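Residue numbers (the numbering used here), protein chains in the order written: chain A, 270 to 438; chain B, 270 to 438.
Source of the hints: derived by calculation from the structure; they are not laboratory data. Hints should not be assumed to be uniformly reliable.
In silico PhoX-like links for lysine-lysine, alpha-carbon gap of 25 Å or less [claimed, not checked]:
id, chain 1, residue 1, chain 2, residue 2
1, B, K388, A, K430
2, B, K388, B, K364
3, A, K388, B, K430
4, B, K430, A, K397
5, A, K295, A, K364
6, B, K364, B, K295
7, B, K397, A, K430
Per the computed footprint, the stretches of chain B lying under chain A, defined by three or more beta-carbons under 8 Å from a beta-carbon of chain A, are [unchecked claim]:
id, region
8, 278-292
9, 312-325
10, 403-411
11, 421-435
None of these values were measured; they are calculated from a predicted model. Don't be surprised by glycine CBs; every beta carbon is placed ideally from N, CA and C.
Number of protein chains: 2
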Amino acid sequence: MPLSMYQASIPVFIRMMGNLSAILDKAAAYAEAKKIDPSVLINARLAPDMRPLSFQVQTASDMAKGCAARLAGIDAPSFPDTESTFPQLQERIAKTIAFLRTVTAEQVDGSEERDVVLKLRGQETRFKGQPYLLTFVLPNFYFHLTTAYAILRHNGLDIGKADFTGGRG
Amino acid sequence: MPLSMYQASIPVFIRMMGNLSAILDKAAAYAEAKKIDPSVLINARLAPDMRPLSFQVQTASDMAKGCAARLAGIDAPSFPDTESTFPQLQERIAKTIAFLRTVTAEQVDGSEERDVVLKLRGQETRFKGQPYLLTFVLPNFYFHLTTAYAILRHNGLDIGKADFTGGRG
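Construct all of the structure, not just a fragment, from the sequences and the given hints.
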């Protein structure tokens, strides 16, 4: 099957958000076992002027649902970024995956040249669908997923790269 | 232009390795300005059982050149992972990009079903070209790039996400 805009985006998002969910389950269990207030992990950062774990999860969700909607030419559900517990972050991931599952290959395929307009730091930025996916969404999506992983790893959670990639090292 | 195996891999690798090179230039300048021994940054880790900055750069390079070679059906250059200074890491990146530039769309396109065999933790693992790129290479490539960024950010380097993505926030 030739590589398509759908294959390079939606199943990747679903898979990686599922891996993130499993990592957050391990983080919640770790907090409970070690008597760590979960908010310590959820608010943890790698540098004082970097964003905390909750933001990394919310932004990975935004990248995935925003991309799916823009490539499909439909509206994405809006989530208010108020999650402050592990169950709430899991619900955010579940809602994101549920939305992604409604988006079909028929809607996304052929979106290489689709006009995408978004606001970045208050400035309107225009992309075509293919560079939007390859040079904006995927680097940002993986950046926030990896930062979430790194925050938890730095805070002692016993996970490995296979947790991140989903079982293939 | 329809999304192709080439477009989803080689130009992405070249672009992101270039961004990494610019980040390492800033790290070297930061070390000099702050009188930090560069090896402190090059050996820095986010957790005692995570790998240091040098490994992150080497592995990002390996992911990119290995993927390019396997999808194109050619041999990748072998680099011995001995880099221990910023100039050596920059040379590694430059050699990686130089190799990637020799790989053509004609060689890589149509590799969706190509058999890829690699050793992961001593075990032979088989992929088809498309899942190899989407579920193995890209998650790993971005994982190591982001971890390199996070190590430097955690150690005080003044960079932002635009340095990572190459100017689009």
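Inset, instruction - Against the structure, test the hints numbered earlier, and report the numbers of the ones violated in rising order. - result: Those not satisfied: there are none.
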